[in-house]
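Enquirer: Spelled out from the first residue to the last, the chains are:
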Amino acid sequence: MKRVNLLISMIVLTALLASCATPTAEVVEKVVTQVVKETVKETVIVEGTPQVVEKVVTKIVEKEVKADRWSGPGFGGELHAASAGNPPTADAPTTTAAATQYIAIHVHETLVAMSENYKLKPMLAESWDVSDDGKTYTFHLRQGVKFHNGEEMTADDVVASFKRFMEVSVRAASFSLVESYEATDKYTVVFKLSKPSRAFLLNHAYVYAPMCIQPKSVIEGKGVGELQVPEDIIGTGPYKLVQYDPDTVWVVERHKDYQPLPGERDGMTGAKIPYFDKIYMHIVPDYAVQVAGLESGEFDLIENFTTVSFNSLKDNPEITAVEYYPGGMRVIMFNHAEKFSGDVKFRQAVLAALDMEEIGLYTTGGDPSKFRLNPYLWPPEGAMYLPDDPVAESHYNQNDVEKAKLLLQETGYQGEELVWLTTKDYEYMYDIAVSVSDQLEKKLGMNIKIEVYDWASLNAKWEDAPGWHFTQTAYSSYNYFPLTLQSYWACDTTSSLRCGYCNPEVDAAYDAAAAATTDEEEEAAWRDFQRLFWEDLTNIKIVDTPSLALYRKNLKNYDPWYRIRFFSVWKEAQ
Amino acid sequence: MSQFAIRRLLTFIPALLAVAVVIALLMDMIPGDPVTIMLGLDAPGESINRRRIELGLDRPMHVRLLEWLTNALRGDLGQSIILEKSVSQTIAERYSVTISLALFALAVALAVGLPAGIVASVKQGTWIDWAVTTSALLWLSLPGFWIALNLIFLFSVRLGWFPVGGFVPVTENPLDFLKHLVLPAVSMGLGSAGILARFTRTSMLEVLRMDYIGTARAKGLREIVVLLRHALKNALIPIITMVGISFGDMLGGAVISELVFNMPGVGRMVLDAVKRRDYPLIQGGIFVVTATYLMVNLLVDLLYAWADPQIRFE
Numbered sequence: 001m002k003r004v005n006l007l008i009s010m011i012v013l014t015a016l017l018a019s020c021a022t023p024t025a026e027v028v029e030k031v032v033t034q035v036v037k038e039t040v041k042e043t044v045i046v047e048g049t050p051q052v053v054e055k056v057v058t059k060i061v062e063k064e065v066k067a068d069r070w071s072g073p074g075f076g077g078e079l080h081a082a083s084a085g086n087p088p089t090a091d092a093p094t095t096t097a098a099a100t101q102y103i104a105i106h107v108h109e110t111l112v113a114m115s116e117n118y119k120l121k122p123m124l125a126e127s128w129d130v131s132d133d134g135k136t137y138t139f140h141l142r143q144g145v146k147f148h149n150g151e152e153m154t155a156d157d158v159v160a161s162f163k164r165f166m167e168v169s170v171r172a173a174s175f176s177l178v179e180s181y182e183a184t185d186k187y188t189v190v191f192k193l194s195k196p197s198r199a200f201l202l203n204h205a206y207v208y209a210p211m212c213i214q215p216k217s218v219i220e221g222k223g224v225g226e227l228q229v230p231e232d233i234i235g236t237g238p239y240k241l242v243q244y245d246p247d248t249v250w251v252v253e254r255h256k257d258y259q260p261l262p263g264e265r266d267g268m269t270g271a272k273i274p275y276f277d278k279i280y281m282h283i284v285p286d287y288a289v290q291v292a293g294l295e296s297g298e299f300d301l302i303e304n305f306t307t308v309s310f311n312s313l314k315d316n317p318e319i320t321a322v323e324y325y326p327g328g329m330r331v332i333m334f335n336h337a338e339k340f341s342g343d344v345k346f347r348q349a350v351l352a353a354l355d356m357e358e359i360g361l362y363t364t365g366g367d368p369s370k371f372r373l374n375p376y377l378w379p380p381e382g383a384m385y386l387p388d389d390p391v392a393e394s395h396y397n398q399n400d401v402e403k404a405k406l407l408l409q410e411t412g413y414q415g416e417e418l419v420w421l422t423t424k425d426y427e428y429m430y431d432i433a434v435s436v437s438d439q440l441e442k443k444l445g446m447n448i449k450i451e452v453y454d455w456a457s458l459n460a461k462w463e464d465a466p467g468w469h470f471t472q473t474a475y476s477s478y479n480y481f482p483l484t485l486q487s488y489w490a491c492d493t494t495s496s497l498r499c500g501y502c503n504p505e506v507d508a509a510y511d512a513a514a515a516a517t518t519d520e521e522e523e524a525a526w527r528d529f530q531r532l533f534w535e536d537l538t539n540i541k542i543v544d545t546p547s548l549a550l551y552r553k554n555l556k557n558y559d560p561w562y563r564i565r566f567f568s569v570w571k572e573a574q
Numbered sequence: 575m576s577q578f579a580i581r582r583l584l585t586f587i588p589a590l591l592a593v594a595v596v597i598a599l600l601m602d603m604i605p606g607d608p609v610t611i612m613l614g615l616d617a618p619g620e621s622i623n624r625r626r627i628e629l630g631l632d633r634p635m636h637v638r639l640l641e642w643l644t645n646a647l648r649g650d651l652g653q654s655i656i657l658e659k660s661v662s663q664t665i666a667e668r669y670s671v672t673i674s675l676a677l678f679a680l681a682v683a684l685a686v687g688l689p690a691g692i693v694a695s696v697k698q699g700t701w702i703d704w705a706v707t708t709s710a711l712l713w714l715s716l717p718g719f720w721i722a723l724n725l726i727f728l729f730s731v732r733l734g735w736f737p738v739g740g741f742v743p744v745t746e747n748p749l750d751f752l753k754h755l756v757l758p759a760v761s762m763g764l765g766s767a768g769i770l771a772r773f774t775r776t777s778m779l780e781v782l783r784m785d786y787i788g789t790a791r792a793k794g795l796r797e798i799v800v801l802l803r804h805a806l807k808n809a810l811i812p813i814i815t816m817v818g819i820s821f822g823d824m825l826g827g828a829v830i831s832e833l834v835f836n837m838p839g840v841g842r843m844v845l846d847a848v849k850r851r852d853y854p855l856i857q858g859g860i861f862v863v864t865a866t867y868l869m870v871n872l873l874v875d876l877l878y879a880w881a882d883p884q885i886r887f888e
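Heads up: the protein sequence lines correspond to chains S and C, in order. For the first sequence, the working numbering begins at 1 and goes up steadily by one. For the second sequence, the working numbering begins at 575 and goes up steadily by one.
In short, the hints are calculated from the structure, not lab data. Since the structure is predicted, the reported quantities are computational estimates derived from the model, not experimental observations. Just to be clear, a hint being listed does not mean it is correct.
Unchecked claim - Mimicking DMTMM-like on lysine to aspartate or glutamate, the simulated pairs with C-alpha atoms at most 20 Å apart in a straight line are:
{"hint": "1", "chain 1": "C", "residue 1": "K659", "chain 2": "S", "residue 2": "E231"}
{"hint": "2", "chain 1": "C", "residue 1": "K849", "chain 2": "S", "residue 2": "D454"}
{"hint": "3", "chain 1": "S", "residue 1": "K443", "chain 2": "S", "residue 2": "E416"}
Please model the complete structure; the sequences and the hints are all you need to start from.
Expert: Here it is, written out as structure tokens:
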């Protein structure tokens with residue numbers, strides 16, 4: 001019997017978990033209706049004689065077939081993005097560089113991760129228990145999670161990852177409270193701390209220099225610079241690093257055995273669906289070229305552009321231009337080890353004199369929609385919004401020249417030369433230097449000399465104690481992870497951002513926030529910190545600025561949130 | 575000629591040594607180091623200091639320079655601090671990009687500049703001469719990056735004829751290789767075309783006044799033969815010199831095109847290395863570009879003998 005060629009009409013019955021508009025990776029089986037023609041033999045009577053004849057019969061059958069997990073609407077294709085950020089390494093735990101985080105976000109995962117409303121949620125740990133004394137954390141791992149090399153993630157990998165993290169990571173000190181850690185069975189890891197600390201879980205969730213879980217077989221015994229790239233950059237994330245050409249491009253491709261969590265994408269956790277077959281991040285230093293690439297369609301998304309470009313592309317029908325908070329906080333930094341800038345009265349005088357709105361306008365190309373005046377450290381969209389603070393409200397944006405002059409007199413400043421370090425590598429930094437020093441010169445008669453360096457030289461100058469008084473920067477990570485401020489300004493931190501600052505009261509506020517056992521306790525600690533920030537002025541806050549995003553309109557479900565995230569993002573055909 | 579070439583090659587050694595010493599001194603004077611770039615701004619000071627010691631950056635510059643020179647004599651240009659791979663390998667991967675770009679740009683310069691200069695010299699005093707000399711002045715006056723950005727805007731964004739940037743190796747796809755080189759080569763080559771046009775015009779005008787040109791015409795030779803076989807060949811010496819200088823400029827100036835067109839060449843590699851204070855890569859990159867420039871000049875000198883058989887190498 002021959003089976004003729006089949007006519008197949010496919011009717012897909014799909015169980016959708018989320019909204020109908022969202023493609024899903026949950027379809028693993030299809031019910032296929034097939035029209036089948038079969039040739040059968042029949043015995044018929046012809047003129048009284050039984051004869052066997054062949055007859056073609058048409059039947060409709062239904063079959064269940066396994067479909068590719070990563071097929072269906074939205075799946076497939078490539079994403080091409082561009083960024084000026086050049087990752088100094090692909091070994092994520094060894095650096096806090098933002099460009100490396102972009103790789104890590106797609107390739108690696110942590111035990112717990114931050115959700116979009118700043119709660120810690122499971123990622124590779126299915127759940128965790130905390131002992132009554134707050135010093136023992138027991139993580140229960142998800143089972144069946146595969147690394148990019150096919151191995152299953154187990155507790156031994158977590159132990160090996162933590163061991164290596166403590167040896168190579170720039171954030172190793174953040175886990176200094178860990179006294180011991182061990183795998184008690186294949187899927188359970190226990191950490192014991194010397195004292196309770198809410199920061200312990202937060203430190204596991206940090207995206208920069210992440211405590212990511214990597215295979216023991218790959219990382220054991222490997223120090224800094226000893227992992228082969230991309231072969232040894234193995235994680236559990238939705239994408240796998242397959243090409244790494246520094247200065248040019250890095251490429252990730254879909255992790256076929258990825259096990260997404262159920263539900264929707266939620267911050268750095270939830271369902272992280274790898275819709276694209278491959279993602280290319282092109283390193284393009286020139287902002288104008290990035291914009292040209294976006295307009296021509298060569299790039300689906302770009303990271304760097306001027307405010308002017310952003311505004312000019314807002315009305316482009318093929319491009320989506322998005323502003324969102326939280327973004328960053330721009331600040332004036334002081335050299336606390338130098339005369340005058342190390343004196344709180346001097347810093348208070350500077351603060352009293354400044355018109356923050358004028359600075360905001362100057363540094364955003366005159367566009368008032370590109371900044372917000374905000375006396376509180378965090379914007380409403382940030383992790384720790386602390387309104388109704390009379391200290392913050394009375395200190396911020398005073399623009400009171402008489403008060404400033406009186407304060408300055410008390411410092412004994414007589415017009416000595418003050419040095420402002422800045423760079424043109426980041427346009428906004430130079431703009432801050434120019435606009436603030438202009439106000440201080442005009443209002444207070446300060447004698448400020450602006451010195452311009454490239455970024456590497458500026459970093460080096462920040463480390464040197466004498467010879468400068470002012471500089472500037474912007475912070476964004478603290479909006480999502482408040483305790484990052486501790487790594488900048490705590491008395492015992494050796495980060496170059498501290499610039500000689502030390503205030504035990506501020507350190508006590510950090511410690512209280514880290515040790516808090518309830519949300520109320522944590523908020524109280526940060527309110528203390530916010531008050532001290534405005535009274536002691538480690539930095540002066542200028543304005544909040546939004547993050548801006550530019551991407552092609554056919555890129556769907558893209559939502560920047562903290563850093564570039566391309567999981568649960570897909571492209572519609574144009 | 576071979577003795578001349580060998581003697582010239584020997585002079586490369588002190589030149590390259592001088593370049594290596596100057597680069598080392600300059601890098602020692604610039605603040606900053608690669609470790610802060612690698613580890614990030616908020617990395618603890620202990621991590622930074624530990625990594626500096628691991629990389630040997632705590633040693634004096636003269637010690638590091640001596641070590642580098644010793645290894646360079648053996649062909650080992652060291653290990654890139656940031657990229658964590660061999661400098662020689664890194665340069666080799668990028669060298670073909672820069673050379674392709676420079677050669678293509680030179681071809682544009684020759685294809686545009688030489689004929690323009692010849693035509694201007696033949697049509698001296700006419701509106702054609704004026705148009706060519708004015709255009710040449712315009713090409714060499716306009717900044718290369720400005721030309722590049724405008725070419726991208728017109729031909730990539732508006733017309734979609736060429737890609738915005740990038741590089742495709744010729745072995746991967748010859749057509750894409752060419753498409754990716756057109757705009758950068760034109761932006762780089764136009765300036766040199768302007769210089770070549772003016773040099774060719776001046777050189778040709780001098781030769782066209784010679785008696786033997788009149789004799790050639792009187793003999794009834796076609797004008798094109800007079801121009802190309804008799805006039806141009808004798809006008810070549812200064813033109814060859816200019817071509818050599820232009821090619822050297824293109825090698826050094828390729829960094830602008832590589833940056834704007836996002837091409838992974840040696841120029842951009844050195845620029846990124848300077849930004850990140852990747853000392854071995856800076857040293858190795860400039861070393862190789864200098865050596866290439868010296869070789870090009872040697873080739874130019876050897877070409878003189880071809881152009882003018884009267885030239886003898888002593």
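Enquirer: Measure nothing beyond the straight line between the CA atoms of K849/C and D454/S; if it is 20 Å or shorter, mark the hint as holding.
Expert: holds (7 Å)
Enquirer: Has the given pair, K443/S with E416/S, been kept, meaning a C-alpha gap of at most 20 Å?
Expert: The hint holds at about 16 Å.
Enquirer: Do the alpha carbons of K659/C and E231/S lie within 20 Å of each other, as the hint requires?
Expert: Answer holds: K659/C to E231/S is near 14 Å, not above 20 Å.
Consistency with the previously given hints is maintained throughout, with no hint failing.
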